[in-house]
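There are 2 protein chains.
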Amino acid sequence: MTVSRVLRNRGDVSDATRLKVTEAAKRLGYVPNKIAGALASQRVNLVAVIIPSLSNMVFPEVLTSINEVLDETPLQPVFGVTNYQPEKEESVLFEMLSWRPSGVIIAGLEHTDAARAMMRNADVPIVEIMDLDGDPIDAIVGVSQRRAGREMAEAIIKAGYREIGFMGTNMPLDHRARKRFEGFSEALADAGIEISDQEFYSGGSALVKGREMTEAILKRSPDLDFLYYSNDMIGAGGLLYCLANGIDVPGQVGLAGFNGVELLNGLPKQLATMDAERHKIGRAAAEIIAARSRGEDAPQRVELTPKLQFGDTLIRS
Amino acid sequence: MTVSRVLRNRGDVSDATRLKVTEAAKRLGYVPNKIAGALASQRVNLVAVIIPSLSNMVFPEVLTSINEVLDETPLQPVFGVTNYQPEKEESVLFEMLSWRPSGVIIAGLEHTDAARAMMRNADVPIVEIMDLDGDPIDAIVGVSQRRAGREMAEAIIKAGYREIGFMGTNMPLDHRARKRFEGFSEALADAGIEISDQEFYSGGSALVKGREMTEAILKRSPDLDFLYYSNDMIGAGGLLYCLANGIDVPGQVGLAGFNGVELLNGLPKQLATMDAERHKIGRAAAEIIAARSRGEDAPQRVELTPKLQFGDTLIRS
DNA sequence: ATGAAAGCGCTAACAC
DNA sequence: GTGTTAGCGCTTTCAT
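Same order as they appear, the protein sequences are chains W and F.
Under full-length UniProt numbering, the first residue of the first sequence is numbered 1, with each subsequent residue one higher.
Under full-length UniProt numbering, the first residue of the second sequence is numbered 1, with each subsequent residue one higher.
Zero decoy hints are in this set.
In silico DSS-like cross-links for lysine-lysine, where the CA-CA straight-line distance does not exceed 30 Å: (1) Lys20/W / Lys88/F; (2) Lys158/W / Lys269/W; (3) Lys20/F / Lys88/W; (4) Lys219/F / Lys158/F; (5) Lys280/F / Lys88/W.
Simulated from the structure, these hints should not be mistaken for lab results.
Turn these sequences into a full structure, and let the hints guide you.
This is the structure:
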C-alpha cells in the first residue's frame with residue numbers, strides 16, 4: 001500500500017500522508033523486512049566479498065577500499081572468510097549465493113569445480129581479484145603475480161646479486177605467493193641462476209618468523225648475498241635481524257619483500273618491496289559491481305602493475 | 001513439497017526419492033533461495049557483526065575469532081564497518097537488522113538513541129563488545145578500558161617514573177581510547193601526578209606517527225622519563241625511534257603501549273603493553289550468540305582482565 | 001512417505 | 001494520489 005511507497009521514496013505521495021507515515025514509522029521503531037522486500041522485488045543490495053584470511057593485513061585493506069566505494073551506492077558488502085581452504089570457499093560461496101547478492105567479489109582464480117559452476121550459473125557480476133594469471137569466470141582485476149616475481153628477480157640480478165635465498169610461507173594453497181615464486185625462479189633461471197637456499201614457515205607471528213628464518217638461512221648459507229621474502233612482514237623481521245646483528249644492508253646482503261605495506265615506512269630502513277596495489281584493486285572491483293548493478297557496463301579486465309620500490313635494501317643499479 | 005524436505009534433511013523421505021532429488025539438484029546446480037526460506041520460516045542464520053574499522057588490526061583479530069566459533073554452528077557472520085561514525089553505525093545497523101539476523105555483535109557501548117532503540121526492539125541477542133564501562137543493552141563482553149588505563153598508570157608510578165608523557169589518537173569518537181586515557185589520568189592524579197606533556201595524531205601510518213610524535217615530544221620536553229602510548233603501533237614507532245637515537249630504554253625513558261599485538265614480539269625490544277584479550281572477546285561474544293540461538297541461556301556479562309606485560313621497556317619494581 | 005494449500009511481508013502492476 | 005491484488009520461493013501444517 002501507500003506505506004511502502006513512502007518508505008522507499010517512490011511514486012507520488014502527498015506530503016501530508018508521507019509525513020504521517022514516516023512519523024508513525026519512527027515512533028514504532030519500524031525496521032522494514034528486507035527479506036520480504038527482496039523476495040518480492042527480486043533485488044538484493046548485498047555484495048558478497050570472499051577472502052582467504054583476515055590476519056594477512058592485505059585483505060582488510062582490500063575490504064576497506066571496497067567499503068569506501070560501496071558506501072556511495074545503495075550496495076552493502078558482506079564478507080566471508082575461507083581460511084585458504086577450497087571447500088570452505090565453496091561452502092561460503094554457496095551460503096552467500098543463496099541470498100542472491102547483487103555481485104560477488106572473490107579473491108583468486110583457483111576454485112573448486114562446484115564453486116566455479118555456482119558462480120557461472122549465478123547470473124550476477126563476479127569479480128575475481130588480486131591475481132591475473134589464469135582464466136576468469138567473468139570480470140577480473142589484479143596484478144600478475146608471476147610477473148611481479150619476475151620483475152623483482154630481474155632487478156636483483158641487475159643490481160649484481162648472485163647468491164639468492166628465498167623465504168616464504170609454507171602454504172600450498174596460497175596461489176598468489178606460489179605464482180610469485182614461480183615467476184621469480186623462472187627469471188633467475190633465464191639468467192642462469194638458481195636459488196641457493198630457501199626456508200618456509202607457517203603460522204605464528206610473521207615478524208618473528210622472519211627473524212628466525214633469516215638467522216637460520218644465513219647461518220646455514222653464509223655466502224648468500226640476497227634474501228627475497230614472499231611478504232613484507234617476514235621481510236621486515238629479516239631486516240630487523242640484520243640491523244641488530246650488524247649485517248651491512250644492502251652491501252653485504254640485499255633484502256626485498258612484497259606488498260608495500262604501510263608498516264615498512266616506520267622501520268629504520270625502507271625494505272625494498274613491490275606495491276600490490278590492493279587499494280586500487282578493491283576500488284576497481286567495487287566499481288565494476290556498482291556499475292553493473294546500475295545496468296551500466298564495466299571493464300572485464302583491470303590490470304594493475306605493481307611498482308618496484310627500491311627502498312634502502314636493494315642497490316639501485 | 002518433498003523436495004524441500006530432502007534438501008533440509010527433514011521428515012521421512014524414502015531413500016529412493018531422496019537420491020533422485022539430490023541428484024537432480026546437483027545436476028542443475030541448484031542453489032536454494034534463502035530469502036524465500038527465511039521469509040517462510042522466520043529464521044535467518046546470519047549474525048551481524050559491527051565494528052568501527054578494519055585498519056585498526058585489533059578488529060580483524062576479533063572477527064577472526066568470531067569466525068572460528070561460528071564456523072562450528074549453522075550461523076554465518078556478516079560484517080559491517082562504521083568508521084567510528086555514530087550515524088554510519090546507525091545506518092549499518094538499520095540495514096543489517098532489516099535482514100532479521102539471529103544476533104548482533106557490536107563494538108562499544110556508545111550508540112545513537114535511534115540505534116539503541118532499534119537494538120532493544122529487535123528481539124534478537126545483542127552483544128556489545130570490547131568495553132565494559134557503561135550500560136549494556138543486552139549482553140556485554142570486554143575489558144574495563146578505564147581500569148586498564150589505571151593499572152598501567154599504577155605500574156608506571158610504582159616503577160618510579162614521574163614525568164609522564166602521553167601520545168594517542170586524536171579521535172574523539174574512539175571511546176575506548178578515551179576511557180583508557182581517563183583512567184590513566186585519574187590514577188596519576190590519585191598519586192599527585194599530572195601528565196607532563198601530550199601529543200595527538202590522526203590518520204597515516206601509526207608506526208611513522210609514533211616515531212614522529214616521540215621525536216617531537218622528547219625535543220619539546222626533554223625531562224620526560226616515561227611515554228605512554230594509546231596503542232602498540234605508535235608505541236612500536238616510539239621504541240624504534242628511541243633505539244635508533246641511542247636513548248636508553250627503560251633507563252632514561254620508559255615506554256608502554258596497549259593491545260598486546262603480535263607484532264611486538266618481532267621488535268628488538270619487547271614493548272610493555274596490556275593484552276586487550278581480543279581473541280577471547282570474539283570467542284565469548286560468538287558463543288553467547290550461538291548458545292542463545294540454540295535456545296540455551298548464556299552469560300549476560302563476561303569480564304576479561306587485561307594482563308600487564310612488562311616487556312623490556314618498563315622497569316619491574 | 002508424499003502431496004496440497006496457506007501464508008511469511010513485502011513490491012509491482014493496475015485500478016480507482 | 002491512494003487502494004487493491006497477485007505473486008516472489010520457500011516452510012509449515014494438514015490430508016492423504
